[in-house]
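**Q** Each chain is listed here by its residues.
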Amino acid sequence: ILNVEQSPQSLHVQEGDSTNFTCSFPSSNFYALHWYRWETAKSPEALFVMTLNGDEKKKGRISATLNTKEGYSYLYIKGSQPEDSATYLCASSGYSTLTFGKGTMLLVSP
Amino acid sequence: GAGVSQSPRYKVAKRGQDVALRCDPISGHVSLFWYQQALGQGPEFLTYFQNEAQLDKSGLPSDRFFAERPEGSVSTLKIQRTQQEDSAVYLCASSPLMMVNTEAFFGQGTRLTVV
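Residue numbers (our numbering), protein chains in the order written: chain B, 1 to 110; chain G, 1 to 115.
Since the hints were made in silico from the structure, they are not lab data.
A few of these clues could be false.
[Claimed, not checked] Here chain G is said to cover these stretches of chain B; the calculated rule only asks that three of the stretch's residues, wherever they fall, bring their Cβ under 8 angstroms from a Cβ of chain G:
id: 1; segment: 19–28
id: 2; segment: 34–43
id: 3; segment: 75–85
[What the hints assert, rightly or not] Simulated pairs of lysine to any residue, SDA-like, Cα-Cα distance not exceeding 20 angstroms:
id: 4; chain 1: B; residue 1: K42; chain 2: G; residue 2: G59
id: 5; chain 1: B; residue 1: K57; chain 2: G; residue 2: G40
id: 6; chain 1: B; residue 1: K102; chain 2: G; residue 2: S87
id: 7; chain 1: B; residue 1: K42; chain 2: G; residue 2: F105
id: 8; chain 1: B; residue 1: K42; chain 2: G; residue 2: E103
id: 9; chain 1: G; residue 1: K11; chain 2: B; residue 2: A41
id: 10; chain 1: B; residue 1: K42; chain 2: G; residue 2: L21
id: 11; chain 1: G; residue 1: K57; chain 2: B; residue 2: K57
id: 12; chain 1: B; residue 1: K102; chain 2: G; residue 2: I26
id: 13; chain 1: B; residue 1: K69; chain 2: G; residue 2: K14
id: 14; chain 1: B; residue 1: K42; chain 2: G; residue 2: E68
id: 15; chain 1: B; residue 1: K102; chain 2: G; residue 2: A2
id: 16; chain 1: B; residue 1: K59; chain 2: G; residue 2: A88
id: 17; chain 1: B; residue 1: K58; chain 2: G; residue 2: G59
id: 18; chain 1: B; residue 1: K42; chain 2: G; residue 2: K57
id: 19; chain 1: B; residue 1: K42; chain 2: G; residue 2: A2
id: 20; chain 1: B; residue 1: K102; chain 2: G; residue 2: E103
id: 21; chain 1: B; residue 1: K102; chain 2: G; residue 2: K11
id: 22; chain 1: G; residue 1: K57; chain 2: B; residue 2: K69
id: 23; chain 1: B; residue 1: K102; chain 2: G; residue 2: A88
id: 24; chain 1: B; residue 1: K42; chain 2: G; residue 2: G40
id: 25; chain 1: B; residue 1: K57; chain 2: G; residue 2: S27
id: 26; chain 1: B; residue 1: K69; chain 2: G; residue 2: F105
id: 27; chain 1: B; residue 1: K102; chain 2: G; residue 2: R22
id: 28; chain 1: B; residue 1: K57; chain 2: G; residue 2: E103
For each residue, glycine too, the CB sits at the ideal point set by N, CA and C.
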């Protein structure tokens, strides 16, 4: 994997559904993996920064896991709510920059 | 201020016009980044400053793009002779230290439309 790739590109779920997204990144020269949530007309907001293989972080109904050996991270949302609707970006941290994926656009319908 | 501030929020420029986009990072943040997000794409790295030093400008798409941070705080991204392909959201982010394992704080972006 040469770039940061996210899937799916977009997702439409019903309120109460649980969902997950995937982020794939180059496993060589890995420093850290970031997840951001970007709501329309707002600033991207950091959700998690993970560095260690096997890391698992949780914030409310949102959690993330990290596998640095195979180069992937999962973001999980349990019991989706309409306010979770946003674009979720992951980024792999290099020495002086973040390389972003294209994001997963989530829409949660009431 | 409490967060990263960018101005203007929206800018419409005629093709060939020069534009300047401003970023006020969080006070004391050493690192400052500019990203460009075209429609349907993720943010693409443009350039990175550590204090006033521009350490990486490898993402600037052409020599029409120029960024500066003369006093290590406010930064300006200048685009000369704008083209339609420059239309995008330009995001600025800052962080206290190196980016490696610290979160970046983003501004709301400047949406540039070149007509």
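**Q** For a quick check of understanding: which of the numbered hints are violated here, in increasing order?
**A** The structure breaks hints 1, 3, 4, 5, 11, 12, 13, 14, 15, 16, 17, 18, 21, 22, 25, 26 and 27; every other hint is satisfied.
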